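Please put together the full structure from these sequences, using the hints given.
Here are the chains, one letter per residue:
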Amino acid sequence: DQQVKQNSPSLSVQEGRISILNCDYTNSMFDYFLWYKKYPAEGPTFLISISSIKDKNEDGRFTVFLNKSAKHLSLHIVPSQPGDSAVYFCAATTRYNQGGKLIFGQGTELSVKP
Amino acid sequence: DVKVTQSSRYLVKRTGEKVFLECVQDMDHENMFWYRQDPGLGLRLIYFSYDVKMKEKGDIPEGYSVSREKKERFSLILESASTNQTSMYLCASTEIGGLSTDTQYFGPGTRLTVL
Chain A
1 DQQVKQNSPS
11 LSVQEGRISI
21 LNCDYTNSMF
31 DYFLWYKKYP
41 AEGPTFLISI
51 SSIKDKNEDG
61 RFTVFLNKSA
71 KHLSLHIVPS
81 QPGDSAVYFC
91 AATTRYNQGG
101 KLIFGQGTEL
111 SVKP
Chain B
1 DVKVTQSSRY
11 LVKRTGEKVF
21 LECVQDMDHE
31 NMFWYRQDPG
41 LGLRLIYFSY
51 DVKMKEKGDI
61 PEGYSVSREK
71 KERFSLILES
81 ASTNQTSMYL
91 CASTEIGGLS
101 TDTQYFGPGT
111 RLTVL
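Chain order of the listed sequences is A and B.
Residues in the first sequence are numbered from 1 upward in steps of one, following my numbering.
Residues in the second sequence are numbered from 1 upward in steps of one, following my numbering.
Among these hints, one or two may not hold up.
Calculated pairs, DSS-like style, for lysine-lysine (alpha carbon to alpha carbon, straight line, at most 25 Å) [to be verified]:
1. Lys18/B with Lys57/B
2. Lys57/B with Lys71/B
3. Lys37/A with Lys18/B
4. Lys71/A with Lys54/A
5. Lys5/A with Lys57/B
Coverage of chain A stretches by chain B, computed from C-beta distances (three or more under 8 Å per stretch; other residues unrestricted) [what the hints assert, rightly or not]:
6. 39 to 51
7. 104 to 110
Bear in mind the hints are in silico, worked out from the structure with no lab data behind them.
This one's a predicted model, so the numbers in the text were calculated from it and none came from an experiment.
Ideal placement from N, C-alpha and C gives every residue a C-beta, glycine not left out.
Written out as structure tokens, the structure is:
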């Protein structure tokens with residue numbers, strides 16, 4: 001049973017426009033959410049996170065929004081740049097679990113066209 | 001900077017071979033993880049370890065085992081490789097969960113092909 005779902009396998013956006021990547025989760029115990037970015041032939045790198053006590057977290061061009069009632073989060077990239085082209089993974093966890101386990105979604109491949 | 005290294009970037013093995021994938025981290029992290037990444041399935045946790053000689057099964061442990069003899073090193077073992085184990089294997093490490101940010105640091109991955 002997929003506890004974290006990214007229903008769009010791919011997204012194509014024009015340079016300078018907004019990219020919106022979506023993620024849904026089913027486990028109401030999750031209280032911390034992260035986004036990772038992965039380029040081909042590299043490991044994922046941490047991008048941004050949000051705690052369940054917040055509904056928005058911003059870091060430069062990247063903003064994550066959390067809607068707890070809908071069990072939905074989204075990553076906004078504004079403005080999108082060609083270097084943002086990568087696979088984006090959403091992940092969720094419960095902060096006080098043993099071992100720091102993360103549950104990942106399937107990923108969304110973002111393509112930003114010049 | 002945290003560094004997680006994996007012993008091979010690309011590996012080709014034959015069905016039935018025993019395969020060792022090595023991972024080393026240099027940040028004195030307690031927790032280490034092995035994932036596989038497959039198209040449409042995302043990152044799936046195979047095994048993790050929260051201390052030396054400690055290991056826990058993840059979501060897809062079948063066909064795999066692990067070893068953690070030293071804090072910095074976490075090995076994934078395919079006892080008898082099969083073609084359905086062809087995948088990208090990613091190692092990660094993090095500080096103790098709980099009060100940490102739970103950020104995991106990943107190695108560059110090993111692309112394993114089993115023929």
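Structure-based check of all given hints:
1. Restraint check: the Cα-Cα separation between Lys18/B and Lys57/B comes to about 20 Å, which is no more than 25 Å; the hinted pair holds.
2. Annotation: proposed proximity of Lys57/B to Lys71/B holds, straight-line Cα distance about 18 Å (limit 25 Å).
3. Of the pairs offered as hints, the one joining Lys37/A and Lys18/B is violated, with about 32 Å between alpha carbons and a cut-off of 25 Å exceeded.
4. Annotation: proposed proximity of Lys71/A to Lys54/A holds, straight-line Cα distance about 13 Å (limit 25 Å).
5. Between Lys5/A and Lys57/B the alpha-carbon distance is near 22 Å, which keeps this suggested pair within the 25 Å criterion.
6. Interface restraint, the region 39 to 51 of chain A with chain B: holds (7 residues with C-beta to C-beta distance below 8 Å; minimum three).
7. A stretch counts as covered by a chain when three or more of its residues have a beta carbon under 8 Å from one of that chain; for the region 104 to 110 of chain A and chain B the count is 4, and the coverage holds.
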